[in-house]
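Peer 1: So the chains spell out like this:
There are 2 protein chains.
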Amino acid sequence: MSDFAISVADIEAAADRLAGHIRRTPLLTSPFLDEIAGRRVFVKPECLQHTGSFKARGAWSAISALEPEVRAKGVIAFSSGNHAQGVAWAAKMHGIPAVIIMPSDAPALKIANTRAYGAEVVLYDRLTEDRDKIGAEMAEARGLSLVKPFDAPMVIAGQGTTGLEIAEQAAEAGVNRADVLVCCGGGGLTSGIALAQADRAPGLRVRPVEPEGFDDVARSLAAGEIRRNDTMGGSLCDAIVTPQPGDLTFPIMSALCGPGLAVSDDEALSAMAEAFLRLKIVAEPGGAVALAAALNRKDRIEGDAVIAVVSGGNVDPAMYARALEAIGT
Amino acid sequence: MSDFAISVADIEAAADRLAGHIRRTPLLTSPFLDEIAGRRVFVKPECLQHTGSFKARGAWSAISALEPEVRAKGVIAFSSGNHAQGVAWAAKMHGIPAVIIMPSDAPALKIANTRAYGAEVVLYDRLTEDRDKIGAEMAEARGLSLVKPFDAPMVIAGQGTTGLEIAEQAAEAGVNRADVLVCCGGGGLTSGIALAQADRAPGLRVRPVEPEGFDDVARSLAAGEIRRNDTMGGSLCDAIVTPQPGDLTFPIMSALCGPGLAVSDDEALSAMAEAFLRLKIVAEPGGAVALAAALNRKDRIEGDAVIAVVSGGNVDPAMYARALEAIGT
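In order, the protein sequences belong to chains X and F. Following my numbering, the numbering of the first sequence begins with 283 at its first residue and continues without gaps. Following my numbering, the numbering of the second sequence begins with 283 at its first residue and continues without gaps.
Bound conformation, chain X alone:
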């Protein structure tokens, strides 16, 4: 595996840096989910992670890996979503400044949350301004380090700590062979978990799950080379829609992952409702696609157990109410 951007040793080192700061999320079960899925279902609820998503792991890993004098100058990130909150939180906990570049039409709640974590939010106009130029100029002027959302070794290493936990927790539950379904955008979480498990629990096979119509990773894996999405808009699961897999994440996924799966928006909403009813956790649409696949793709999944990562829970109340409507009162 020496061709990859990182090794398991990098994930182990990230786990050491994360210890005491990141939550070890539990592995949840419900007999009701088992019945729907036709096999035992284990859910890794990263929505219970700090900031409500796994992104806190990668952000902490990246920031904690910087040289102290570099880190002290601060970090910068481009994001209006979970990555923004993860970076803002990790920076605050490290006592360093964070600049988050967001489009000016980002939801007010997300801007407010990112600011509440202590970050400086810089808004840009998507139509008239070049965010990369704004970011590069600020980074240059202040000496800020860029924290990429997925295609960076220390970010992948941080997300991979989820895989170390799953490997341990699955063994404790007596599960040595199972498909591990992971909500997949650019592939940071998916590739990190795949690397960790290939080393620690080779019977656990990682498979990326994406929204239907935005399955660039599944198509890339099938083709053996990177494929792009035709469009970026129109999915309720927009938090995990990316143009294409990362240059660093794709080779890892290509070598280690099983075939990708895709689910509809309605299946994602229904999985959010099941997570509410049966696990009492809050999942966002993009964070529910892996559970949706576990519940709705039983013929495409192998083995008598399946593990699904719920990657985040940052959903606005209106969208959540929509998910609950499907199950009535």
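You can take every hint at face value.
Note: identical chains are not told apart, hence a pair may lie in one copy or across any two.
Keeping only pairs whose Cα atoms sit at most 30 Å apart, straight-line, the calculated DSS-like set for lysine-lysine is:
| hint | residue 1 | residue 2 |
| --- | --- | --- |
| 1 | K580 | K374 |
| 2 | K580 | K392 |
| 3 | K392 | K355 |
| 4 | K355 | K374 |
| 5 | K415 | K355 |
| 6 | K374 | K415 |
| 7 | K415 | K392 |
Keep in mind that the hints were calculated from the coordinates and are not lab data.
Following the hints, put chain F in place on chain X, whose structure we already have.
Peer 2: Using the frame of chain X, we list chain F on its own:
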């Protein structure tokens, strides 16, 4: 403490029986909650427990403590709520029959869930039938053991395992002195936690939290003797409304607990919304009253940290949508 119905040794023995079967729920935090409360807030989310509430602990404890030949005949319980599901689940996991006596006008979902856990649900007409008589006849005929909802030693011991976990987790978080707010109905959970912590973490002071207008425990503690509620109906937090504290739980609470607190239905709904937004956990109204007190009674709470137990998450979607409406979109 020898006057009490149980001792810490009983809680420790229950913890041994529960090990590997009951979830050790985490202790969650959010800087947003800290800001609202004006101190550090730690939440013990028993909504993430099996069956969605702490009741699984007491049920498991009671059933596992029966003599094997007695246990094999089965158990019986009166409940249309969390206790029903806890008993049904624990009985199923022990491979024994469970009979749950419910009013015929109980919500269809709760009846269905209890049946789905494998229990035999016996419905009675609240207006024309005597549930105690029905239950006693069935118990007699089949040799079923009654599992009480709170006023039984092994049930209190099981709920008390929550307190052993809180004591350990608070110490890990560096909290040695704090009010521990517990959603309180008959006092099984409150008295169990109080006993555990009096032994393991004497700086943690348990305080019961009830719905306003149904604060029989708070008034009983203040009076030094048992007081009843005037009425049983009309609270959204009906899951924790009981006529009066238990004969076994009251002496424990009276000796070990601080003054009770009470919150309004609106405060409970608002706390459900904060749990959704900040912790990504699903709380039911009665399960949210302790968090509501942590967030809204800052002048009545002592110390720079507070621990709130979220005792359950079994709420129907319509009620949940109502809680979320308060925070808009």
